[in-house]
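Let's have the full structure, built from the sequences with the hints guiding it.
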Amino acid sequence: KQEVTQIPAALSVPEGENLVLNCSFTDSAIYNLQWFRQDPGKGLTSLLLIQSSQREQTSGRLNASLDKSSGRSTLYIAASQPGDSATYLCAVRASGTYKYIFGTGTRLKVLA
Amino acid sequence: DGGITQSPKYLFRKEGQNVTLSCEQNLNHDAMYWYRQDPGQGLRLIYYSQIVNDFQKGDIAEGYSVSREKKESFPLTVTSAQKNPTAFYLCASSTVSRGWTEAFFGQGTRLTVV
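Chains as they are written, first to last, in the numbering used here: chain A, 1 to 112; chain B, 1 to 114.
These aren't lab readings, by the way, just hints derived from the structure by calculation.
Don't take every hint at face value.
Said to hold, decoys possible - Using 25 Å as the maximum straight-line C-alpha spacing, the simulated BS3-like pairs for lysine-lysine come out as follows:
1. K1(A) - K57(B)
2. K99(A) - K14(B)
3. K99(A) - K42(A)
4. K83(B) - K109(A)
Only a predicted model underlies this, so the values are computations on that prediction, with no experimental measurement involved.
Below, the structure written as structure tokens:
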């Protein structure tokens, strides 16, 4: 059974720092991996989608990498800002299914 | 604007009452999903549908029911059999293909038992 883990569960950093959020999954048979952002009381906003054949995707200050063989993905946030404060979730879509399996998220706080 | 609309934003349920959460999308997506989110537990899949008139149970389907009569709509009914329904409910949709299937989410419905 696919399981997705995110470490750390919470992170607090000063503004301007570069930071890395981690996501690991137990079964490497995936179609893709998606990173989301969730603000308190809100839905999920898609940040980046990485196909299983890709190694990384970039959008602005965000860069996500995927190492399928080791079951890991990282989300790199450059020059963090207070507006980046949110919970970040990763989800994998397992091969042969249309289901998305989520990690429990990393709650990020960027201090001004 | 294309997107997913969930309503209502807040819903209160009395003991023994059935309530229905609405989810509508205009993205022309075939697949739709319902997730439940509880503090510290992440998102758990309740039901999903890959095509009209077909749906499958997720990991926590007991006490819930769905229908998929139209491509655009996937309502979720929380029945009186669901003993702990207080949670944040999220609806999502995606295309149906082997590869590029980005999932999009609505803004959620917060259900509270009173």
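Hint check:
1. K1(A) - K57(B): OK: K1(A) and K57(B) at ~16 Å, within 25 Å.
2. K99(A) - K14(B): Violated, at about 31 Å.
3. K99(A) - K42(A): holds (21 Å)
4. K83(B) - K109(A): violated (34 Å)
Violated hints for the displayed structure, listed by number in ascending order: 2 and 4.
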